[in-house]
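So the sequences go chain by chain: P and G.
Those letters in the first sequence? Residues 52 to 162, by our numbering.
Those letters in the second sequence? Residues -15 to 97, by our numbering.
Keep in mind the hints are simulated off the structure, nothing from the lab.
Be careful, since some hints might not be right.
Stated by the list, open to error - Distance ranges between label pairs, derived from CB positions:
hint, chain 1, residue 1, chain 2, residue 2, range
1, G, 85, P, 104, 43 to 49 Å
2, P, 96, G, 66, 37 to 43 Å
3, P, 65, G, 79, 35 to 41 Å
4, G, 6, P, 96, 20 to 26 Å
5, G, 11, P, 79, 29 to 35 Å
For each residue, glycine too, the CB sits at the ideal point set by N, CA and C.
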Amino acid sequence: QKEVEQDPGPLSVPEGAIVSLNCTYSNSAFQYFMWYRQYSRKGPELLMYTYSSGNKEDGRFTAQVDKSSKYISLFIRDSQPSDSATYLCAMRRGSARQLTFGSGTQLTVLP
Amino acid sequence: EAQVTQNPRYLITVTGKKLTVTCSQNMNHEYMSWYRQDPGLGLRQIYYSMNVEVTDKGDVPEGYKVSRKEKRNFPLILESPSPNQTSLYFCASSLLPYTDTQYFGPGTRLTVL
């Protein structure tokens, strides 16, 4: 079983929809949680970063961490065609030097 | 412009022919790493380097070598490539080892026939 599970999609939504992307994990030692966005033929770029449980908002994006359920989410409000990309969750144990990535969810926002 | 560069971007080679993929960053970052990305498996770390002359294995190091002789460069070496190393490779760097903001290069698509 993978340490981090992510539904690969693909997910298609109309412009303006609220998008929910999720990851589950099995290792309760993970403390740092990230979402990376990867456009086609590009490297991933950090989108959101959270520490431990709670919510973090940045513009149209909200990252949510529920450590009791070992579940993290990324919400995108008022989705735009420019949000079309693959979204990768990533997480790290406290003092670890490595990130563990999910396999990514491919999102398409239709105009 | 702050960036991570990789070369080549695309490479087709044959089994057993040694190759090197270069990676360079201009941000004076201490930490650099190499990942491979495969469908359904996500990004898996091959090797990482905490600083010059300090390297360590990631999750999938078999068949790869790295070196860090200069802070800005972190080449990935495949001494004897095999078809199962066909993949999309990314180099990444970050200011410090525990910094989660990693900056990724544009990727190198390698095909081993």
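Cross-check of the supplied hints:
A hinted range of 43 to 49 Å for the beta carbons of residue 85 of chain G and residue 104 of chain P is inconsistent with their spacing of about 21 Å. Our hint of 37 to 43 Å for residue 96 of chain P and residue 66 of chain G is violated, since their Cβ atoms are close to 31 Å apart. For the pair residue 65 of chain P and residue 79 of chain G, the supplied restraint of 35 to 41 Å holds, since their beta-carbon distance comes to about 39 Å. The hint said 20 to 26 Å for the Cβ distance between residue 6 of chain G and residue 96 of chain P, and at roughly 21 Å that hint holds.
Restraint check, residue 11 of chain G to residue 79 of chain P: a C-beta distance of roughly 34 Å satisfies the suggested window 29 to 35 Å.
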